[in-house]
Each structure stands twice: as structure tokens, then as C-alpha cells.
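A.B. asks: Sequence:
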Amino acid sequence: MNEEPKLLKEPREGVPEVIDTLEAYKDYCSLLAAGSGPLAADAERASGFRYSHEDWLIQFKRKGAGIGLLDPIELTKLGADWNEFNKAVGDVPWIIHDSMQDLPGFFNIGLRPLALFDTEIAAKLLGRKRFGLSSVTEYYLGLTLAKEHSAADWSYRPLPRDWRNYAALDVELLIELEEVMRVELKKQGKLSWAEEEFKHLLSKGAQKKAPHPRPWLKISHISVLMHDRVGLVIAKALWQKRDALAREYDIAPTLLLSDAAIIEAGKRKPSNARAFRAIRSLNERVRMHTGSEQDKMFERYAPIQRKVKPSIWKNVIENAILRAKSGETAMDDVHPVLPNGAIQLNSRESRKTNVLKSTDTDESQGSNDCQDCHDLSDSQYLQDMQDSQSAPRSMKYWREHHPKRY
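Basically my numbering = 1-based index in the sequence shown + 455.
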């Protein structure tokens with residue numbers, strides 16, 4: 456742990472090809488079934504480039520099976536039976552770093568992990584200040600990983616060799632890392648906490664995320680328009696048009712129109728052609744100048760960007776201004792949205808109701824503090840309560856089961 460870390464440039468068994476045929480998929484499932492121990496897993500998306508948030512590459516490693524890079528989009532099109540994969544790995548733990556990034560995608564295509572070990576959560580429980588994968592492998596294994604392609608467009612085909620190398624390295628060390636971290640968690644008396652947290656995350660990852668009631672309010676810096684009725688109508692209209700076009704062309708919305716351009720339009724409210732032309736961000740194609748390979752990746756989407764003419768935004772803004780002048784507001788209701796997506800009521804009657812509900816909740820909180828523990832024995836219940844008093848406050852499991860502590 457104290458020696459100079461070594462850079463692991465490639466997987467020890469070489470850089471694998473992408474598995475994108477049913478024959479290769481079935482062969483890898485057979486290797487997994489014959490393998491042993493837990494399964495290392497990771498996934499890559501193209502969220503900075505595509506509208507959809509689906510996985511474009513999923514990576515696995517198991518002792519005896521080696522590393523597999525699977526193309527889930529192509530395999531699903533070909534009719535791959537993901538239950539064949541599930542049967543091959545059985546109920547072994549899936550080792551994932553920052554599992555909430557990957558679990559929803561796995562469940563979405565039909566993969567069903569039955570047990571979990573999250574190396575990021577383990578690092579936090581063990582008191583690490585830096586818990587990125589490369590930092591954790593550096594501390595516990597003395598090996599560090601290159602991260603050149605973390606923001607790549609993983610929907611691009613064929614995947615270059617160095618991208619495949621990067622993806623394979625993401626799972627290369629997870630099995631060794633889990634072994635070391637499990638021992639450390641046990642030494643520090645935190646293994647049971649970790650296991651509870653892993654169960655909680657696994658359950659959360661399997662749940663469908665409810666859509667935000669007003670997703671356009673996620674526009675960056677939208678708060679600057681909160682007291683501008685016309686500006687909000689413009690911003691909402693531009694967001695809705697941008698979202699519809701992005702969905703149609705499967706391109707990231709911000710590659711069609713930036714959030715900054717939406718805010719500027721809301722502030723300046725261009726009501727004629729001259730005023731519209733004065734806002735450059737509404738008239739120019741979104742470009743990225745990062746000085747890296749990302750620039751070339753973004754350019755692949757230029758043909759789609761050119762299909763969306765500035766006149767589209769001009770018409771949206773003009774119509775929004777007319778609707779705002781006729782009395783339309785951006786919000787059909789005026790109730791603010793809480794962080795969890797719920798609507799906060801503002802009327803005097805609703806505030807009274809909410810106060811009463813809050814009082815009732817406080818009075819009954821003691822009985823609900825561990826509502827999932829009713830079927831436990833007295834000794835198990837007491838142990839659960841004792842654990843909750845000493846468990847780290849960052850643990851989501853304990854926050855939900857013992858809310859009064861937080």
C-alpha cells in the first residue's frame with residue numbers, strides 16, 4: 456500500500472474482442488458456468504452523445520472464464536436469452552464499482568444479479584477519502600489504471616482496440632480488490648454494515664425510476680428565470696422542443712441546443728428576426744473544443760445537428776412569447792417541486808394538513824423506525840437498533856430504516 460503504484464497498461468490475458476454474435480455469447484456463457492467465484496461487472500454508456508441511457512458495452516470477468524466484452528444492443532437484436540447468462544453465473548456476488556450507475560441498465564436488459572459487492576461503498580466504509588476505482592486499486596493493490604476513454608462515445612462501432620483495453624481494465628482487478636476489501640471490512644467490524652448496504656443498493660437498482668414531474672426545471676441555472684413569467688414560458692418551450700428532437704434523432708439534447716442558450720433566450724426574449732440573430736448560441740451548431748479525441752466524436756453528430764435549423768428555435772420562441780402574453784404560465788400549478796419529485800402544496804389548508812400529517816408521523820415514528828424488522832426476534836431487533844447507532848451516517852440503508860438519526 457505504501458510502495459510506488461504501478462500503471463497497469465493492459466489486462467494480463469490480453470485485450471478481448473467484442474462479443475456481438477449469438478455463437479460467441481453462448482460460448483462465453485459456457486465459460487462463465489464453468490468458472491468459479493464472484494463476477495466482476497461494469498458497463499459503458501454514451502449519455503453525452505445519445506438521447507438514450509442504455510448500455511452500449513457490458514464487461515465481465517470471472518475466474519476460469521476471463522474477460523468478456525458484450526455488445527448488449529446487438530445481442531438483444533439477435534435475440535440473445537439473457538436468462539442463459541443469469542443461469543451461468545447463478546447466485547454469486549456481482550462486484551461493481553459504484554453499482555447504482557450500472558445496476559439499472561443491467562436489470563433493464565434482463566440481467567438479474569442476486570448478490571452484490573460495491574467496491575466504492577466498501578472504500579467509503581473503510582474511510583478512504585478518494586474512492587474512484589483507480590485510487591482504490593492503487594491503495595489496496597498497488598496498481599493504478601489509465602482513464603483516457605471514460606467519456607468516449609461507446610455507441611461507436613467498431614470499438615478501437617485502446618477503448619476495448621480501457622473497458623477490460625475496468626473489470627481486470629475487481630475480483631482481487633473484493634478479496635482484499637472484504638478482509639479489511641471484517642477486520643474493522645464493518646462487514647455486516649456493508650452487506651446490508653449492498654442488499655439495499657441491489658433492491659434500489661432493480662426499481663424503475665419515476666420520471667420527474669417537470670423535467671425542464673433541470674435546465675442549468677433555471678433559477679435565474681424563476682421570477683420571469685415570460686422567460687420561463689420560453690425556457691420550457693425550448694426544452695420541450697429540444698427534447699422531442701433529441702428523442703427523434705437519438706442525440707444528446709445539449710448537442711442540439713445548450714442549456715446556456717435556453718437561459719439566454721429566456722432572459723433576452725427575442726421577438727423579431729434581428730433580436731434572434733443577435734443571440735449567437737441560437738444560430739450556431741453546438742461544437743465541442745476539448746482538445747481531445749472527444750472533438751472528433753462530437754463531429755460524428757454534425758449531420759444530425761445540421762438538420763435542426765435555427766428557424767426551429769426562432770418559431771418556438773415567438774410562439775412562446777405570444778402564449779405568455781395571452782396569460783399562459785410555464786407551470787400549470789404554482790406549487791414548487793421538492794427534491795424527491797413530490798409537489799409541495801402552498802395553500803393555508805394544505806399547510807395545515809401537512810402539519811397534521813407531520814405530527815402524526817412524528818408520533819408514530821418510533822414504531823415505524825424499523826418497519827422491516829417486525830418479523831425479527833427480540834434479540835435480532837435489539838441488535839439491529841444497536842447497529843443503527845454506530846453505523847456510518849453515509850449509509851443509505853440506515854437512513855431509510857432509522858430516519859430519526861438523521
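Think of the hints as simulated: they come from the structure by calculation, not from any bench. Ideal placement from N, C-alpha and C gives every residue a C-beta, glycine not left out. Worth double-checking, as some hints may not be accurate.
Once the Cα atoms are required to be at most 20 Å apart in a straight line, the calculated SDA-like pairs of lysine to any residue come out as [stated by the list, open to error]:
id, residue 1, residue 2
1, LYS696, LYS654
2, LYS724, VAL679
3, LYS602, GLY587
4, LYS532, LYS579
5, LYS579, MET555
6, LYS464, GLY521
Ranges between beta-carbon positions, derived for each pair [to be verified]:
id, residue 1, residue 2, range
7, ALA601, ASP553, 15 to 21 Å
8, GLU478, PHE562, 38 to 44 Å
9, LEU533, ASN727, 33 to 39 Å
10, LYS532, ASP698, 24 to 30 Å
11, GLY469, SER675, 28 to 34 Å
12, SER507, LYS724, 31 to 37 Å
A.B. asks: Just pull the numbers of the violated hints for me, sorted ascending.
C.D. replies: 1, 4, 8, 9 and 11
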